[in-house]
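Here the protein sequences come in this chain order: A and B. Going by this note's numbering, the first residue of the first sequence is number 1341, and it counts up by one from there. Going by this note's numbering, the first residue of the second sequence is number 3, and it counts up by one from there.
I should point out that these hints are in silico values taken from the structure, not numbers from a laboratory. Fair warning: there could be bad hints in the mix.
[Said to hold, decoys possible] Covered stretches of chain B, going by a simulated chain A footprint (3 or more residues, C-beta under 8 Å): (1) 30-40; (2) 186-194.
[To be verified] Below, simulated EDC-like cross-link-like pairs (lysine to aspartate or glutamate); rule was C-alpha separation at most 20 Å, straight line: (3) A:1550 - B:181; (4) B:193 - B:206; (5) B:207 - A:1547; (6) B:103 - B:92; (7) B:180 - A:1559; (8) B:180 - A:1549; (9) B:207 - A:1468; (10) B:193 - A:1515; (11) A:1360 - B:21; (12) A:1387 - A:1398; (13) A:1602 - B:46; (14) A:1444 - A:1477; (15) A:1438 - A:1392; (16) B:110 - A:1559; (17) B:193 - A:1547; (18) B:71 - A:1569; (19) B:207 - A:1515; (20) B:193 - A:1511; (21) B:207 - A:1427.
All figures in this text were calculated on a predicted structure; none of them were measured in a lab. Glycine included, C-beta positions come from ideal geometry on N, C-alpha and C.
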Amino acid sequence: MDKEYFLTKVLSCWSSLIRKVVFCVLRVGPIPTHIAVIMDGNRRYAKRKLLEEGDGHDAGAMALLNLIIYCYELGVKYITAYAFSIDNFRRKPSEVQKIMDLLKECMTVLAKIAKHHLIKVNFAGNLELLNAELRDEAPKLMGVTAEYSKFVVTICVCYCCTDDIVHSVEESCREKHYYHSYIGDSHDDDKDDDDKDDERHMIKLVDIEKNMYMAVTPDPDILIRTGDEHRLSNFLQWQTCHSLLASLSTDWPEIGVWHLVKVVLDFQQNYDYFVRK
Amino acid sequence: MDFSNESRVLHRCSAQVLDIGNLLLLSLWHLVHSIISICNFTLDIANVLESYLISSGLLGRYKSLHIAKLRYLAIVIESEGAYQTSKIIELLQWLEAVGVKHVCLYDKEGRSSGFSLSLGILKKSKDFVLENLDGAILFQVLSYWQPSIYAMQDAHENNVLLDQQHMTLEFVSFSDGKEAVAKAANVLFMKYSKSGVTDQNQKEKIFTESQMSEALKTVGLFLLSDQVGEL
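Could you build all of it, start to finish, from the sequences and the hints given here?
Spelled out as structure tokens, the structure:
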């Protein structure tokens, strides 16, 4: 038993050292500021490994925490994960409950990690759709980590890009109406400023973008999707117009450091092209 | 004194070691990227060979494409490619021959400052494209910055979308993307202001996704607005 433990420790140290050396080499070139991930393949993984359905999500959560650590070590500043879509509420209630329980556990783990490594945690999405416990816990965790800025983890929960767009249009309408009703009226006497007044009453692109759930982070440099799928599934299509889309054939729980290395190397290969765009 | 000399020597040695280390890392980085470039080049050659095999009809699996499953094809064309109108026509002729029914071509031209309209290169050459493409119907969108002025083609009003004999073409550019959403937002804002539902609970939903789709149609995004929900 001691021998096995010793070997495991030695292997773990070696792999950590190799990882650090590889990351040093990668850091010679440009490192993406923001990586977004669509965690596809948890259920397929569980089926393939003959596990219970919920165990696939457990393995997926562990894979996400590992990826967060790798991105932190590499020097990536932001990571965003698509944890739960609004459409996912159509799944079996037992699976939805399992994911919600997992989310609660992840919040606890993230709270502990965040304190030691100055990690800011955001939750993006229509949090009103969550159960009462998570609806209270999520803002608490965001509040506790609000002042940290070394590394930012955003978990998209109850999120769809189309819902985000509609939500931001709603907020923009409310803002403009408030301005028009309570502030804009005091400028009505000044006829010379009619044009400027019209502009102030119009919703602009910048208003929509600042009211989005995902306004808390810059646009992703890379969007990774696992499970050998090549679609966005209503995730960040607004924000990824200049992003590298990386589709990996592996299922999400099997994603590892070498997949991250491959994706970052692709990003560096195409960096000049993205800078021009 | 000895200590300061020693510390200077130590500092110089560590700087040299650091320089050597950085040089080694830089060399390794370039070596890795050279290997990747060679692999990508080999893959590109393999892709070109596969293209020739497909064109020659030797690969059986490309003979029947089940094209009916493809409801809408959107193609992003780089600005440089958008100037090559003959190539665009050739592409569209291929798509027509294959049986694709609804095509959207997008090219992004650099935005002008202020509120001026940004028309894509493809939109400017659309007449030439259509003249050389028999049987295609233009599903044109004209959009202006002033949210009260929108023009719609007869094609939409006559429900040409139901006509399976012709390929419908849509030309979009940067102004039909995020800026179109801003225009649609102003359409919804006008409705919101007129409706008088201002004292609603801040958390209640005012608009639905289907209302957003309708507003996008109002500003001229017809085919694409139906597909937004599919993304």
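These are the hints, each one checked on the structure:
| no. | hint | result |
| --- | --- | --- |
| 1 | 30-40 | holds (count 6) |
| 2 | 186-194 | holds (count 6) |
| 3 | A:1550 - B:181 | holds, 14 Å |
| 4 | B:193 - B:206 | holds, 17 Å |
| 5 | B:207 - A:1547 | holds, 18 Å |
| 6 | B:103 - B:92 | holds, 16 Å |
| 7 | B:180 - A:1559 | holds, 14 Å |
| 8 | B:180 - A:1549 | holds, 10 Å |
| 9 | B:207 - A:1468 | holds, 11 Å |
| 10 | B:193 - A:1515 | holds, 15 Å |
| 11 | A:1360 - B:21 | holds, 18 Å |
| 12 | A:1387 - A:1398 | holds, 13 Å |
| 13 | A:1602 - B:46 | holds, 18 Å |
| 14 | A:1444 - A:1477 | holds, 8 Å |
| 15 | A:1438 - A:1392 | holds, 12 Å |
| 16 | B:110 - A:1559 | holds, 18 Å |
| 17 | B:193 - A:1547 | holds, 18 Å |
| 18 | B:71 - A:1569 | holds, 17 Å |
| 19 | B:207 - A:1515 | holds, 15 Å |
| 20 | B:193 - A:1511 | holds, 14 Å |
| 21 | B:207 - A:1427 | holds, 17 Å |
Of the hints listed earlier, there is not a single one the structure fails to meet.
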